[in-house]
Amino acid sequence: MNPIEDIIDHKQVIVCAGSGGVGKTTIAASIALRAALKGKKAAVLTIDPARRLATSLGLKELSNHPVKVNRRKFTAAGLEPSGELHAMMLDTKTTFDEVVLQYAPTRAQAERIIANRFYRNISSTLSGTQEYMAMEKLYELHSSGDYDLLVVDTPPTRNALDFLDSPRRLTDFFESRMLRWFLIPYMKAGGGIMRVANVAANTFLRLVKRMVGGEVLQDTAEFFGNLEGMYDGFKERALEVAALLRSDATTFVVVTSPSDESVGEATYFGSRLNESGLPFGALVVNRVHPKLGDGIQVVKARHLRALKEGGADARLLAALLENEADFMRVVGLEEDNLTALARKVPRHLWVRVPYLEREAVDFPGLVAISEQMFP
Amino acid sequence: MLLEDFFSPRILVIAGKGGVGKTTVSAALALVAARRGRKVCVAEIDRKGTLPRLFGGKALGYQPSELSPGVWGMNIVVEEALAEYLKVQYHLSRISRMFTSPQFVDYITTAAPGLRDILVLGKIWYLEQGRSGGGPVHDFDTIIVDAQASGHMLTFLSAPMGLADAVQVGPLRRQSEWIIDMLRDRERTRVHMVTLAEEMPVQETVETSVALRTRVGLVPGVAFANALYTSHPGSDPGSTDGLGHSKPEELDADVLKEEAAAAGFRLDDDDIAALIGYAGFFKVRSAIQRRHLRELRKNIEEPVIELPFLFSAGLALPDIERLADEIELEVAQL
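Sequence lines, in order, name chains A and B.
Residue numbering for the first sequence follows numbering that gives the first Met the number 0, beginning at 0 and increasing consecutively.
Residue numbering for the second sequence follows numbering that gives the first Met the number 0, beginning at 0 and increasing consecutively.
Chain B with its partners taken away, still in its complex shape (with noise of 0.2 Å):
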């Protein structure tokens, strides 16, 4: 597939449950769409997010800053959607702050739920539409969504039809459809879904992917499969994983030790044990993620590509450099 075929939908939702690293997976395709030239935009959803650590700024506001060369940030505020909504929709310019206190929300979502969602998700559709109610107006050729951490994504993209059937008439019913119609069209918005190779996120993931097609009506982009223990591609050519197809049990220290001295180097016993332990977690644990990779692929129509472990515990931009280096490669090969 082509990087541009990639990008053509200017919405990208990105998807998955608490851990799997959306931020990151978002943040990596905004690097790689703004390698391209264009004018990314990475919108959290109502929570301070790790996003503008990773870009070394401070955190995110209502209004879109730039955090890297062509990478924007944003906090879609529910609070602040709700305001800009009754602004352009009720004409409401000095806003009591009753109607956007945090109770009134509170209120308010109760009253209607789904409504939250739908707050946000015409805070889209007005970043899709280039337009904004107060603040300047961006033309944002890619908008990344970092979508909800927890709760059910679902339950997120399937409000407004929720909405439109329990609010019969009136500007919010009518919004609702314009919402559905750009969440439906594979033209505007894609959603793609980010995974563990771990029990549960894949299970949620194949969830995810059936129902967004029987619930939402949308079809799905790609999986992404995160943080895979891969090994150093090249090490070992005959093999995928560089360990070969060895079993760490069965190596011969004694090899080992006289392939080192050859090479020029000393090799002791606590050395060898290290070596032949790791290689020992690492074979045990990719083999359980390629189990539910497997059961993954057996169980979703998308896609997967796969994202490898970054060997790190926090990531750093030069970490999502080379994660989006990891995309580029795998986009071009779909």
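Only chain A is shown next, with the shape it has when bound in the complex (with noise of 0.2 Å):
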């Protein structure tokens, strides 16, 4: 039986993790359109989406909420669901700010630190924090109950791993012993005075007024002040979105693409999940090249030298087997990939997709690709 409907029929969260340029989020969405036609009320939470594919799924902005995707694309597709598709496009500006409301002990003190400008820089500039946001969403809708099926894209990261570890980044830096105590002076004083003892500490401030200005000390103190109170909240969230990960409701579906490089991170990804803990549900290698036939082997150096000396068919025979041989190298070294592939996670928890005659840009190449990941 093919993995990845299993999964559909028995957890509630699929994370689609990969590196770059391997189609996850078509994948994904694939994977939440088919869990629609088997009757699930299914929601696609992507990051980035082609522009194609997300106006046709209806995502004309991020509206940081999923949207229904309307009836009518399925029935011009020809196809009945008895399920809902839900797609959203993600804000991680809007999350972070819906995560401090929630978590700050007044409206004012939360809207100080969405008006402060460390913190508009956490959102837009520290690594890691739009993994998170996308964790973060994803913990926020599973918990309100609304879908069956949530099935998350991963940010493209340069490395598929940064978003494991970005909870934690995030919730380390918050907590930054260091950073809170190098700032105490400024926090006590307002941010006027730095009479402080310790060494270290003035170094730091000095350093850091020297290269990008004290205004930038005033913003951050105000910034970890503001945060007082609101550690323990947030660590405890982090928590939670982290043990929804582990629970067994969520499985990672791990996509690939037959290149080398491609293989090699997936693999290693794999090994990662395996020690963090994290459950493995299937591996997707996408855009692999059709097999057509085992190869011709009777072609010898001097047929082809004789038919491009011949007339226009024979010329275009020796172009037709000259493209052959092409294809049946990249199948063969294709194959050798994922034959490495095999020893590390085993062919039954493989799903094969290969390269369309077609781009998987819109709906009905959404279709297409879900009618070759489950025929």
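Each computed DSS-like pair below joins lysine-lysine, with the alpha-carbon atoms no more than 25 Å apart:
| id | chain 1 | residue 1 | chain 2 | residue 2 |
| --- | --- | --- | --- | --- |
| 1 | B | K256 | A | K307 |
| 2 | A | K290 | B | K246 |
| 3 | B | K282 | A | K290 |
| 4 | B | K246 | B | K256 |
| 5 | B | K86 | A | K208 |
| 6 | A | K234 | A | K92 |
| 7 | A | K40 | A | K72 |
| 8 | A | K343 | B | K57 |
| 9 | A | K72 | A | K37 |
Everything labelled a hint here was simulated from the structure, so no lab data went into it.
Make the complex out of the two chains shown on their own, each in a separate frame, by following the hints.
Printed below as a string of structure tokens:
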């Protein structure tokens, strides 16, 4: 049985992970589509979808909540879903604001944080924030109980592993003793005086001030000051998010292409999931060149030479043979990469998706991918 | 265009989204430059890239190492760039480990967004100036920057502008301006783009091309359209596409079998099916690519250099050599 069918039937959360350019978004959307066809109320959370795909799912802008894909899209493709497909595009800043609003003791404190420049920089700049907010949104939607299945597409990190570390990285940053300790004089004196006996703290403050200016220190001190009383809430939430990822409700689907680089990354990712105690559900091998026949062995170089000196039909045959040999070479090399992969991830956990003769950039394209994945 | 002119700016920034083949193109360009006797350095930015594997070497460090004759590689790690900066700028020679800890780097680069990028660009500026804050000084003729795989290229290149606005005084402001000058001077820096002939990469390349002008104030060099299905030249002289204008579905199996027999070998029905099947696959995929390529050419002003798909599944040095050959030919025709 197709391992993903089984996952759709039994899990509530699917996290799609993989390196850039392997088609994660498309695969995530295709899985959610399949779930909708099987009667589930499914939602796909995307991070940065291709514009045409977003449009065809009815995502005109960052709404930060799932929008139902119009039923007419299905009927136009000749499908009758017994469930529903919803889709959303993550808005990191808004998600973060919602978290702050939820955990700040007072509305005024939340607003002070949201207006703070250092906070705004965190939402746009600090690495790991986008990844963490994706997980946060996932947790929120899962807790709402509104959906049978959530499929989340992870951000296009340089390294597929970054997002596994993101919750801890962010809470560590908030909790950083070093920063809070160094900022004490600023917090107490409201940003004015820098009288602190500690040499290290002085060096720190002086250096930061000289590098990027005193305002920055004030912004940060203000931010950490306002965060007081919220750490515990944040940390608890992060633990709950992490617990959801480890729970029986969740599974990870790793997406790879058959190139050696991508296979290497997928293998490493699989072992990291294992080490972190996270559930590995299935592997999607996407964009595999189709294998047609077993390769034409009888053709020798002299045959090709003869054909190329012949008439139009002979030359055409030569071109056809060379074209076939080119593709068989790729097929063979891809197969070598996949054989290595099979030693790490058993084949019964795989779903292979061939390179299609069309692009999955619109709804019919998604349907085509989905039909390949779930024949 | 003469290759000498192509390499006349010392810094070549290779931009594009993840998975389009930036490292491959960077490596091929490095070979082209090295073939002309130039001392080249390919700089990866804060990541363990695949560059050393292409050359069969070990992982890159912050200090450049020679990967093959004339081709050097390095990894600009932000923490180390910060340490070098603090050493040069503030004479903090015995830098407390605190200031180069990931947490401090996270703090300072969050406090001043764009600082991360400035530190990297600053290191490139050091390289261009032939300076070094410790470690041997290299005089590279060509510095190829294999830029960010994720995140937007534009954020990276426009960081100095943002920082120059945010920091009104002090050394960092002055240094931002030096970097802006370096980036905008076409005699010193040329930004080339890499894309696949697919929907999203083309869209992003078009946006990048416009935004490099409007937001960064620089004029990009060329766009490399990578991994295009191209059949063997010369196999059908009447056409650029080796499969001619024949329609795979109209191919006559009997004619093909007869031609094979005349040339001295035998094709069975399965063989014919594979030939026709792959011809069809090639036609459909290359038609899609051509459509995106037209879209690209229509919407950017930069010349487009077409690079072939190498019918491989992970590249090795001979493939890079082939791409280097291809680039030499294509650049000469610009």
